[in-house]
Amino acid sequence: MLTERMDPETLEFDVRTDEMLINMGPQHPSTHGVLRLVLRTDGEIVTEVTPHIGYLHRCAEKIGENLTPRQFLPYTDRLDYLAAMNMNLGWSLAVEKLLGIRVSEKTRHLRVVIAELNRIANHLVAAGCYGLDLGSFTPFTWTFREREKILNLFEEVCGARLTYSYITPGGVTADLPPGWLDRCEAFLKQFEPVIGDLHAILTNNKIFIERTAGVGVLTPAMALDYGVTGPNLRGSGVDWDLRRDGEPIYTEMYEGYTWRIIAPVNGRYPDDHPYPAIPKEAVVGDSWHRYFVRMLEVVQSMDLIRQGMEKYLRAAGEVDKPIDVKKKLPKGEAYLETEAPKGQMGFMIIGDGSPIPWRVRLRSSSFCNLSVMGQLCRGVLVADVPSIGGSLDLVLGEIDR
Amino acid sequence: MNAEAIRDRLHQPFGPWLVGSDFAAIDPWIEVRSEGLSEIGRYLREDPDLAFDMLHCITAVDYFQPDEKKAAQVEWQPHVELIYHLSSTVHHHRLVLKARLPRWKDDKPGQMPEAPTVSNVWSTAEWHEREVFDLMGVRFVGNRDMRRILCPEDWVGHPLRKDYEMPTEYHGIQAR
Chain A
1 MLTERMDPET
11 LEFDVRTDEM
21 LINMGPQHPS
31 THGVLRLVLR
41 TDGEIVTEVT
51 PHIGYLHRCA
61 EKIGENLTPR
71 QFLPYTDRLD
81 YLAAMNMNLG
91 WSLAVEKLLG
101 IRVSEKTRHL
111 RVVIAELNRI
121 ANHLVAAGCY
131 GLDLGSFTPF
141 TWTFREREKI
151 LNLFEEVCGA
161 RLTYSYITPG
171 GVTADLPPGW
181 LDRCEAFLKQ
191 FEPVIGDLHA
201 ILTNNKIFIE
211 RTAGVGVLTP
221 AMALDYGVTG
231 PNLRGSGVDW
241 DLRRDGEPIY
251 TEMYEGYTWR
261 IIAPVNGRYP
271 DDHPYPAIPK
281 EAVVGDSWHR
291 YFVRMLEVVQ
301 SMDLIRQGME
311 KYLRAAGEVD
321 KPIDVKKKLP
331 KGEAYLETEA
341 PKGQMGFMII
351 GDGSPIPWRV
361 RLRSSSFCNL
371 SVMGQLCRGV
381 LVADVPSIGG
391 SLDLVLGEID
401 R
Chain B
402 MNAEAIRDRL
412 HQPFGPWLVG
422 SDFAAIDPWI
432 EVRSEGLSEI
442 GRYLREDPDL
452 AFDMLHCITA
462 VDYFQPDEKK
472 AAQVEWQPHV
482 ELIYHLSSTV
492 HHHRLVLKAR
502 LPRWKDDKPG
512 QMPEAPTVSN
522 VWSTAEWHER
532 EVFDLMGVRF
542 VGNRDMRRIL
552 CPEDWVGHPL
562 RKDYEMPTEY
572 HGIQAR
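Chains A and B supply the protein sequences, listed in that same order. Start counting the first sequence at 1; every next residue gets the next number (our numbering). Start counting the second sequence at 402; every next residue gets the next number (our numbering).
If you are wondering where the hints come from, they were derived from the structure by calculation, not from laboratory data. Do not take every clue at face value.
Heads up, simulated BS3-like pairs for lysine-lysine below, C-alpha to C-alpha not over 25 Å straight-line [said to hold, decoys possible]:
no.: 1; chain 1: B; residue 1: K563; chain 2: A; residue 2: K321
no.: 2; chain 1: B; residue 1: K471; chain 2: A; residue 2: K62
no.: 3; chain 1: B; residue 1: K563; chain 2: A; residue 2: K62
Next up, chain A with everything else stripped away, as it sits in the complex (with noise of 0.2 Å):
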């Protein structure tokens, strides 16, 4: 079997040892959570990995069951608690798509501010872990410094620093304070250029170029057949994005904003930056594509940002109070995807006639995203498992539920 897989001089064919079955995790750092990886080893070459998952599991639809879409949503907080406001806007949305709600222009671009910074927040864990996994600590300590900003502006705006319960279904719990544009602004002026330091530090660094390019090369055939979605699926050169491509609730949003997808189409990014070139031992769909993607998102999340302050500012009337906590929900079913930092977050919310669904289900982009984990590690060494997990951007409230 393993012959037919594998090149024999990678293999170390004259030095096999016995077959080992290695434990990873629950409480292993690499794994971003409690995942729970089994290694069947080959000397230094995995041939298997096996996740087990669940050791968080709630069972939140069961719960969504038994409350209201406005006492479910602290709920939603807890599903990927490093983007709790792209939850909440998932969950809002879904509801709202059952209740047939449309929320004001105003609104709309206050949650595309609130959405995008969330996105920021929530690529710079997922590039400073990476590198910590990757045995380089100070980026991790600057992007959490950077972070640490972003949680003091959810902070004013909601009161909360990770679990928001911010974006309701119908609108949102408050306006913003009064000077907190300005605040924003004034953070993203000061973090424009740490992004720079960051590929200084890391991206252009030797030994993480040399630990991310080429391992772990998704390709887009087995991306869409794992159903694996966000800047994993984009890292693999498929131009798509449900913030272009989504429901019309969803891309409402974002009409008259200017912007382009990021992902390698023929081996190049869309716009022009003045950020590192790619490596050439880069290949489209590695690790390294992957987290690049998330840098350049940064970005564009910044621009996004800054157009749809200047939009809320413009925009007339007030932002939409949330819907009643006891409204009742009309008979259908509605599922609605949005683009969450990590993925594609689904939300399912079928109504019964009373003001309890009678079915909530969460489609976790994690969950998917990790399900291709077992085949991306077939044949990989041992030091490549966390390099390849921690590219996949995993969350385990989100995978566990």
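With chain A's structure known, arrange chain B on it following the hints.
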């Protein structure tokens, strides 16, 4: 292609398997007989005009009302429904595919219903079907790894079934 055009397209090869549709719903859907899921799935994926290359999600819904008073008011007969959300990155169209299963296989309580797998069409279905099995108890015939995925392997019952009762204890841990 909209759902209506897709239904017409499927009519030629799979007419007897198409049992219902609703094109006025929020998400237009087509219902098929559960035994045809695998072949219809393959056709949806491989036909160049349809090219449904992405399976987003498999949802199972338990239509069962444990409360007898309320059960007298509902319009449906007890059943389990499978819902498949598909889309095509080539043609930018979407489809919701539904299939109806009995709550119990051969109406014998305790016998879990079965459906053919689509994991040979979309690999992502392998984990989704494991999740449906874990939480709803539907067995997918042909899925090579039909184990629980989120609950522990020795867990009793399938939590998303409406008649599920949480165990009082699990390995000496008080559960409720």
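Quick one: which hint numbers does this structure break? Sort them smallest to largest.
1
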